[in-house]
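Take a look at the letters that make up each chain.
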Amino acid sequence: MTRRFRPDVDAPIYKGRYYPYDILKEGTIALVVVSLLVVVCATLFGSPDEPAVTLKQWSTAQPLDFASTALAELDGSSGVAGYGPPYNHNADGQQIGPLTLAKWMGVHIPVNAAEDFVLLPLTTLPDEPTLSAGLQEWAAASDAQRTTWLNAYAKGTMTFSAGVIYDTATGDGPVGLFITDLTSMARTGALDADLIAGRGYYTTDYTKPLLFLADGQWFGQLATAQHLGGEQWGMMNEEGNYPGQAWLWLYTMWYQVPPYNSSWSANADAMVWATMMVLTAILALLPFIPGLRSVPRWTRVYRLIWREHYRDEAQRNAAVKDPPSA
Amino acid sequence: MSASEIDRQWTTRLRKGLAHHLPAEKLLPDTQPSYVSSWIYVFGVATLASMIVVIGTGCILAIMGPQWWHQSSVGHYVNSLHLWSVEVFFFSMVVHLWGKFFMAAWRGKRQLVWITGVVTFLASVTTAFTGYVSQTNFDSQWISTQAKDGINATGAGAFFNVLNTGQMLMWHILLLPLAAVVLTVLHVLLVRYRGVVPPFELTATDEVHAS
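Chains as they are written, first to last, in the numbering used here: chain A, -17 to 308; chain B, 160 to 370.
The reader is advised that the hints may include incorrect statements.
[Said to hold, decoys possible] Taking lysine-lysine pairs in the DSS-like style, the calculated list, with each CA pair at most 25 Å apart, reads:
hint, chain 1, residue 1, chain 2, residue 2
1, A, K7, B, K185
2, B, K175, B, K185
3, A, K303, A, K(-3)
4, B, K185, B, K268
5, A, K(-3), B, K268
6, A, K(-3), B, K185
7, B, K175, B, K268
No lab work stands behind these hints, which were simulated from the structure alone.
All chains, please: the whole structure from these sequences, using the hints.
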């Protein structure tokens, strides 16, 4: 018993002509042509290399933004402070319906925003008896007392003058001192050094300084000016007019459309990833999905791809039906 | 050792299997069916060619170290070559993928060829992404801080930390290229084993239109 031929699953046995084909020669020509194309593009367009920014640059360019972010790290209201896994337990992380994948994986890169970004760096400043006393006062205080100080500081008006952060707050305990000294520390570059080298002399892990940097407004403003913002198709872009990771267009697109940017926005990242995983599975398993695997036959684009073959076939068939007379 | 014992050896079986399924005429063919004359076939070869340029320029960057291209005009030029070879690679690969889709290139027991192609594309996307976050410049700072949320949301961020430049660089220059190359070799061997998919057969209606 023979099985029925399925045109979207089975392929006909080719009984036509074969031509000489030098696969190595073709490969070599392709390598030369591609190399030349790459050389031309690299010579004409180059590549972007905007230097990395630092906490020193941030605190110098926008000291009030830096100081406000430092306060948010200290009082627990910053993005990182309330992030959840994999950095801390202060939230559950995003979820896909009942699936809390980040929470299930747990905290593997512990970050305590107040300790790591504010208090520990301040302890490294030498010869600061007032600051040391303030840190001891903070360490000995209850959570309620700390909250009272933080609330008092937040009610004041923050200003920046002559290289120093000031605040009109009263009853803020050591908080004002922390913010002022941390900003001054950042402006010297010492905070960059501390956050980068905090784990030892040799390091390649920039998690903490990057998280701190990303909590402020300044970093996002720089990116928006380079049309790299999330609402500007974000990370698939590259500085200037370079093409960037154009192949991420579908992934980035979901962030621009409802419900991902509206009712699902709280879990947008998780939902976009879930969507992409489903679409990727469909793409990989396309040969097994009835209907979808028939699309190529229905669209008939193959007639364009193999147009020479079909023309030759048609001519050969016509010759067989109507052979030339002897 | 008897002949049957030798035949049962893993090495013997592998050698005989390779000789049977992938004889030299299949691995390095000197003829092709006449339908393999469309422009679309160029993009598969172009993908392989640009992959060689990507790896070659990447090797030069690896030899000189991750900071070299920021400090040297020659290094910057090599980085430009690396960037544009990646752009050509993905352009070729995407056109190749769409071409194979419209040819329904999975027909005739070629499903695994299609799947290895798709997985190679995914491995390549991840390789490129880790390269973008390993640049040690503003771009890598911004892309990594943006991308962390998506990866953290899947739970993978616990072990795949895009803010850890050293970890990303290792993935970019060793693990992922290794995966991409192995998958590409497997993909090409499967193509050689199964051959290039033949065109759809013309229906009676098609033949009327063609004549």
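A quick look at each hint next to the structure:
1. A/K7 x B/K185: Distance of about 16 Å is within 25 Å: holds.
2. B/K175 x B/K185: The hint holds at about 15 Å.
3. A/K303 x A/K(-3): It holds: about 18 Å lies between the C-alpha atoms, which stays within 25 Å.
4. B/K185 x B/K268: holds, 17 Å
5. A/K(-3) x B/K268: Distance ~18 Å between A/K(-3) and B/K268 Cα, so the pair holds.
6. A/K(-3) x B/K185: holds, 17 Å
7. B/K175 x B/K268: At roughly 22 Å apart (the allowed maximum being 25 Å), B/K268 and B/K175 satisfy the hint.
Of the numbered hints listed earlier, not one is contradicted by the structure.
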